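S.K.: The residues making up each chain are set out below.
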Amino acid sequence: MNGKLLFVASLSARQRLAERGVLIGRAVFYGLILFVFSRLWDAVLEGEPIPGVEAHQLVWYLAITEWIVLSGPPLHSEVEDEVRRGDLVYRLARPVSYPVVKLAEGLGDLLVRLCSLGVVGVVVALVITGRLPAEPARMLWLVPLGVGAGVLAMVMHFTIGLTSFWLHDCRPIYWVWQKAAFLLGGLLLPLPLYPPWLRAIAEASPLSALLYGPGSLALGLDTAGIWMVLVRQLAWLAVAVVGLAWLFRRGVARLEIGGG
Amino acid sequence: MRFAIALLATNLKAAFALRGTFFLQAGLMLINNLLFFVFWWVLFERFEEIRGWRIGDIAVLYGISAAGYGLAAVLAGGVQDLARHIEDGDLDPMLNLPRSVLVQAVAARTRSDGWGDVVTGMILLAMSGHLHGLAWLTAPLGVVVAGVVFAASGVLLHSSAFWLGRVEGLARQASEFLITFSVYPPSLFGWQVKLLLFTVLPAGFISYLPTELVRSFDPGMLVMVLAGAAGYAILAWWVFERGLRRYASGSRFGVRD
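Residue numbers (my numbering), protein chains in the order written: chain A, 1 to 260; chain B, 1001 to 1257.
Rather than coming from a laboratory, the hints here were simulated on the basis of the structure. Here the structure is a predicted model, which is why all the values come from computation and not from measurement. Think of the CB as a built atom: it goes at the ideal place given N, C-alpha and C, for glycine as much as any other residue. Errors might be hidden in some of the hints.
A few chain B residues facing chain A, derived, Cβ under 7 Å [claimed, not checked]: (1) 1028; (2) 1032; (3) 1036; (4) 1173; (5) 1191.
Excised from the complex, chain A in its bound form:
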């Protein structure tokens, strides 16, 4: 079984690698975002410095959080297409569970995105800031943290795609989820810069483990903090998988009733 899933993941990765234009477009967009925000941070900090935080740390922080956001495969739109076109019915009849195969495909895509954008992020952040993060060796923790966050995002995207069983179009749900992730995850601003009440809400949500946790490496997160982020990612991943399985069962039951 694992061999089959590995094959599915590697096939998906090879397909993604073949889409050169898409890879380049995404990389350029990532570089552009880093450029815009580096200018923003320069402008912000020239007026009023933040004690203990420098502009280059904020650029590296954003490089990490954007890397995770752009690496999450858009499984919601693939699932929506398959539900709407009815292709899902054929895939349900196969001997391997549909969500498991879909997540294996997504994993292949995720790894290609993480690797390609990871290289771009390091190069662009280095060019913009002219320096490496304070403790470069600590950045190796981004491998498990990035994969953990990517898988968590992927499961959430899949779950959003499953709402297509009920909704005509799942994109609006995705937009809101995406912006909630931006805000509560601390995509653009580290959570300590938030007002206390908003920071408390953000830290209680799974979204801070998704973005702010890994991003904190650029702000000097210690080893105990890193382990805490990993544990939180795993805990939220377990919750997300249970939610996905529950919604999938409900959706398939509805499909059977509708399809006769």
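Use these hints to put chain B onto chain A, whose structure you have.
M.R.: Here is chain B on its own, set in the frame of chain A:
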């Protein structure tokens, strides 16, 4: 013109027919936009001013961009399918009618989520604190200008399919760049980037100049704004018409839905 209005009316009727979907899409787009604006609110809670820009100025900038983009999505929602239509030879059925192919193609679709953008823009403009005196005229004008330039730049990008073939992904990506740049204050960028933003990616005409017009009225700037929007619209129309001469039919028979 009458044809475009009739096409629009039909699209709106179709959108309102699926009332639940319409309100869901528009409502969630509104929430989506306001959630993103919270970022600016948080930033300006901590830093009162960034290179001469305050939260009210950002509300005008973001409001004009959002409402302009929404206007383009509602009135010319077909723009984002244009490259695909050109590549797949889907313009064939439109060539037979004695109406502008460009109008048929771009007004063939309306996007419900665009209403969410329009409402977002109105809310932000109302909350900006800048709506007084002449701004009551320049703000709606700015929204219309932004809508025209968004639609025109979309037509320009997608029309490159006449010469380059499969450019749909690239055109969408470039549109995202345009949106990205149009919601950040121009004072962040140096002159090289600004030059780019008044030519290749016309964020300058979409939001920077209209925002300046709302912040402090200047007749010279009004002329620049109007000339910029008209220039982009004419350029888009001209490029599309030139491209249409090169259009290779899909060699398929079909009728429009």
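S.K.: For every hint, state whether the structure bears it out.
M.R.: Evaluation of the provided hints:
1. 1028: holds, 3 Å
2. 1032: With Cβ-Cβ at 4 Å, under 7 Å, it holds.
3. 1036: Residue 1036/B check passes; min Cβ-Cβ to chain A is 5 Å, inside 7 Å.
4. 1173: For residue 1173/B, the interface hint holds, since the closest Cβ of chain A sits about 4 Å away, which is under 7 Å.
5. 1191: violated, 13 Å
Of the numbered hints stated above, the single one contradicted by the structure is hint 5.
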